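Starting from the two chains in their separate frames, assemble the complex, guided by the hints.
One line per chain: the protein sequences are A and B, in this order.
Residue numbering for the first sequence follows the numbering used here, beginning at -1 and increasing consecutively.
Residue numbering for the second sequence follows the numbering used here, beginning at 44 and increasing consecutively.
Everything labelled a hint here was simulated from the structure, so no lab data went into it.
Since this is a predicted model, take the numbers as computed values, not measurements.
Every residue, glycine too, gets a C-beta built ideally from N, C-alpha and C.
As a list, the in silico SDA-like pairs of lysine to any residue whose alpha-carbon atoms are at most 20 angstroms apart:
#: 1; chain 1: A; residue 1: LYS244; chain 2: B; residue 2: ARG187
#: 2; chain 1: B; residue 1: LYS121; chain 2: A; residue 2: ASN242
#: 3; chain 1: A; residue 1: LYS288; chain 2: A; residue 2: ILE251
#: 4; chain 1: A; residue 1: LYS24; chain 2: B; residue 2: ARG132
#: 5; chain 1: A; residue 1: LYS84; chain 2: B; residue 2: LYS135
#: 6; chain 1: A; residue 1: LYS159; chain 2: A; residue 2: GLY107
#: 7; chain 1: A; residue 1: LYS281; chain 2: B; residue 2: LYS135
#: 8; chain 1: A; residue 1: LYS244; chain 2: B; residue 2: TYR184
#: 9; chain 1: B; residue 1: LYS135; chain 2: A; residue 2: LEU17
#: 10; chain 1: A; residue 1: LYS282; chain 2: B; residue 2: LYS121
#: 11; chain 1: B; residue 1: LYS135; chain 2: A; residue 2: PHE89
#: 12; chain 1: A; residue 1: LYS84; chain 2: B; residue 2: PRO231
#: 13; chain 1: A; residue 1: LYS201; chain 2: A; residue 2: SER219
#: 14; chain 1: A; residue 1: LYS244; chain 2: B; residue 2: ASP186
#: 15; chain 1: A; residue 1: LYS159; chain 2: A; residue 2: ASN74
#: 16; chain 1: B; residue 1: LYS135; chain 2: A; residue 2: ASN242
#: 17; chain 1: B; residue 1: LYS121; chain 2: A; residue 2: GLU246
#: 18; chain 1: B; residue 1: LYS121; chain 2: A; residue 2: ASP280
#: 19; chain 1: A; residue 1: LYS84; chain 2: B; residue 2: ASP130
#: 20; chain 1: A; residue 1: LYS281; chain 2: B; residue 2: GLY124
#: 21; chain 1: A; residue 1: LYS84; chain 2: B; residue 2: ARG187
#: 22; chain 1: A; residue 1: LYS244; chain 2: B; residue 2: GLY124
#: 23; chain 1: B; residue 1: LYS121; chain 2: A; residue 2: ASP239
#: 24; chain 1: B; residue 1: LYS203; chain 2: B; residue 2: ARG116
#: 25; chain 1: A; residue 1: LYS281; chain 2: B; residue 2: PRO125
#: 26; chain 1: B; residue 1: LYS68; chain 2: A; residue 2: LEU17
#: 27; chain 1: A; residue 1: LYS24; chain 2: B; residue 2: ASN131
#: 28; chain 1: A; residue 1: LYS282; chain 2: B; residue 2: GLU182
#: 29; chain 1: A; residue 1: LYS244; chain 2: B; residue 2: GLU141
#: 30; chain 1: A; residue 1: LYS84; chain 2: B; residue 2: ASN131
Pairwise CB distance ranges, derived in the manner of DEER restraints:
#: 31; chain 1: B; residue 1: GLU141; chain 2: A; residue 2: ILE102; range: 46 to 56 angstroms
#: 32; chain 1: A; residue 1: SER284; chain 2: B; residue 2: LYS216; range: 56 to 66 angstroms
#: 33; chain 1: B; residue 1: GLU108; chain 2: A; residue 2: SER284; range: 30 to 40 angstroms
#: 34; chain 1: A; residue 1: PRO28; chain 2: B; residue 2: LYS135; range: 29 to 39 angstroms
Computed footprint of chain A on chain B, listed as stretches where at least three residues anywhere in the stretch have a Cβ under 8 angstroms from a Cβ of chain A:
#: 35; stretch: 132 to 138
#: 36; stretch: 175 to 184
#: 37; stretch: 223 to 233
Each chain, letter by letter, is given below.
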Amino acid sequence: MNVEKLVYGLYPKSNELRLHINRWEKGTIPDSSLNDTIIDEKNSLYKVYNDYNIVHTDPLFNWYDIFRPLALIIDNMELGSLTRFKETNTFYRMPIVNEINDIIINPAGFSPLNEEPPLPLYLKDDNFNAFLPSPLSFYRMSQVALEYKDFEKKLLNIYSKILNIFKVNEVVLYDPLSYDSNDIIDITPLTDKFIVKLVTTGKLYKDNIKGKPYSIISDYSNSNLEISGELSRVPGLKLIDGYNTKMEDINEINNIINNLGVDNLIVSHREYFDFLPRIIADKKLSLMSKIGD
Amino acid sequence: MNNYLISQEIGSYRKPEKLSSVFHKIYGTDEFYKLAEKATVETVKEFERVGLNNIGVGGEMFRWEMYEHQANRINGIKFYGPVRSFDNRYYKKGSIVEDMDIKESYHSDELKFLLSQNYENIKVPVTGPYTMMDWSFNEHYHDRYETAMAFAELLNKEMKDLKKLWDAKFPGKKLQIQLDEPATTTHPDEMNIVVDSLNRSVKNIDNCEFSIHVCYSSDYRLFYDVMNDINIDGLNLEFANRDTLETGIEDSKRPGYQDLKYFSEFNDKKKFIGLGVTDVHIDYVEPVQLIKDRINYTLNILPPELIRLNPDCGLRTRSREISYQKLKNMDIAKNEILKEIQ
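Bound-form chain B, shown alone (with noise of 0.2 angstroms):
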């Protein structure tokens, strides 16, 4: 039963205001660390009056986002001003102008400092190589495919290095990466291109538990199509986005869970899935009884091992205290049913 239903978060916490004001004011100073530092052991303290299985890197309290984190540390990209997103809301995307290499560590000294903390329980979160690819204007490779696999081989550098900061404070024990790639399913044509630009990515790094995080795809099918090719162990969705609030069990309450049958089918690899039970979006806080649906519903369609729980991406959206209800209710329906299965 140890490996019924394990919790974990996604990614991204809320940042405390007195890291949030001034993080790009004071970024890499010694006062950035030490409130990075404080803000990441605050978070895991969040995160074990929650209950959680597995605390991330406690809320990337070293990351401002996911893209521009990485692509400020890799020589090659240059950043010629910010793109719009939406509204008057715009983000930097860089442009690949030569070949690309490391200038430094994604997230060395994150992981350092949760290795001094000796937190075992941790479950590191990259920006994968197909995101990387679609979100960089490409003024450089042949195409999307060279430039997905150059990044694929930065990132696989970059595990490695990890791995060894894990393996001499833990050796023997699994590392967990979790590749974030929201643009996944964007571009159906492209699937070849998340395989190949994926296993590069993980090739030749033994011994770590690999989960690929998608959310807010039109279409999850693409990736269940292709997930037995890739060299990963589970995959950690967004799906209480997609479903109503009503609660019970039949397929007309938990739409947005309904494509998890197709997943079953065609999981000969038997790949866990991180269930996402609460929306990140909204701040009505899910009750129990409907988290505890939505995990029944999948108990009618996956075996409880192959479940994991989890908000549907990172908190970052939501307030502390919003966030901290929302994880609390999903521990708690996890432990009612743990119970109930018994």
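Bound conformation, chain A alone (with noise of 0.2 angstroms):
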């Protein structure tokens, strides 16, 4: 069997990079030099992940939280208040997104933005998918002005632009709200064009998913498995909890993929491990490294 290791989404950051992203908010080093660590820490990660065969977004250490450099760098979004996300004491900043127009701050370039640590977006590497919000959560966790159709499908739009932008094949597109059996997310307009793993949250239902993915990541059931192997190409589960400290055990994820009778699977993780302090969220990568083996 062939089994991909996906790490995705927001990574703890070290120590050291917290301490310089906090002498930057105060101006004591200038946006030259936090860009200068983030790329050292991206690489240095980068190094892990290859080392442990594991495909990867960007850590997305220069990304407050999912939405917040979109929600900068495109026309006629901007930023709201603090909202509760997941965790009583987790916040993100709510995008207020009044029209969706066009990129206006290019994603690749070294801008350094209000209240947000410099772009570019991403740091490319050998195993690199790019990161995005799923549409259906981003308008969920957004005040909208637009019909969600219409907000799909401008901001799909938006996102072919920014893959095009960075020449980037793949990418892992993530939805951490659950799914109503009647909510039907449509990307076609990307999955026509790129290799695209959508992470998925709680229960699959059949109707939901429009535009056949290369992958579709879910909680671990049954039927999970089943839909995702009939509307996606490889069928993947998140085995790994980036929602507890607590570590799993490798023999038991190693037989769970064993009795499942694919050819192919994706594995992945619950949650991003932002959520993890630093230390457990490697010792989970490493964990991840044996899957498989």
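Pasting the structure below:
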């Protein structure tokens, strides 16, 4: 069986980087110094990912939340209030979307932004996938003046532009919120042109997803696996808990995947690792490296 | 009229610079206690100048924050490192790795000091079991229910110890304890855990007045629906943050307080409401008239003996100067209304 191990989304920062950002926020170091440190930290982590043979997105050390830089570079979006996300003690800034026009700041350029460490949006390497929040969760977690279908179409158009700017072929779309049975996300405009891995949360329903993605990576259940297998080319399962410091038993995970009866599988994690202390996230990476051995 | 519109603070108040700047460096030393005690007395004096009926614990000068303070005093909780809250702000989130028990009392040192100063009109805030559970990683207990109940058992022991200290000084007098539960309504399908863990926390503790403090909930009604099942006497809640700054007592001017109609409808056991009348997240000092309008709007829904007045939450996010002005305006508003309803 071929097992691809995938790490996506915000990864916890090292203490050194946190302190560096603190100093940057206080104005004691310039943007360029922070940018250099972020690049160094990303490259160090990429080395670990590659040593472990883990496919990955950018760790997004310069994203304060999964919407922030997008809300800052797209015309007619602005930042709203701090809003609780998943945890009582965890917040993001709710985007306020009046319209979606175009990208007004080059996401590949070095641009210090209001309240946010400098762009570029991504630092690429060999096993790299871009990371973007799925339009459905983006919509639900924002204050939007558009109908969903209109929002989805315009946002996916922006996403295509971003991926073209970075010349990236693979992208992880992340849906942190569960679907209802009547939710429909149509990602055809992206799946026509790119390899899309859609990370979902909770129970999947057969009609939720239109536009066959390369993979649908879901929480572990027989029903989710079946739907993921039907609606995408490679099924994916979230078998590592990014929401708890408890370490998984590698033998249990390997037993699960050996009994699935599939030829190809993507294994990933529940929630991005930024909900964990860095030391635990690093241990979970090491554990992931042993999956499928 | 003595029990009409009792004024109180909620918990934390900005620490004086001379304490906050060295808090972690000297924590637990004689120097720390000297500074924390001095800051407590200064803060109590400020509350007395304002005219507050209840002084809490003098602004929580012995504590840095609500989760870590208790978690650090519990065996079985391990800290692996900070976890991000937002932007570049982090907090310490503990992991429960084995059966928990109390390593040292959470608040005895603070209460002993308050009693040594003969303060009677106090209210001790403690962090509630549901919030402690929700803010911890659980590597040990079977599920969230069992984890919350384990925290409840510990809190029950702690509150019994606090009660013993209180009884020795003020026998027969009720001790006020406020259970802080900001996480209460964050998981709507877990209200049974909230109810059971709170009831376990207060079990067999007599002659106490228990209140609960909840803030920034997206839906207080979840809590109002179950409040009659919980053995507490009152609810100290945030309202001003969700209200307008316009004066007036019409529904349209007071959207933050409209939920109280629902509360009143279901308040079979006549629990009191601690009414948040000033927003702790803005420097704007609400004028007396605005605070009066918020109170008068509520007086059209609830009788004055069931209304207490407080800021939305702990005032530590504001400077002491701003906090003082906010509390002072609350006191002036209260006194003007008491005259009007005499």
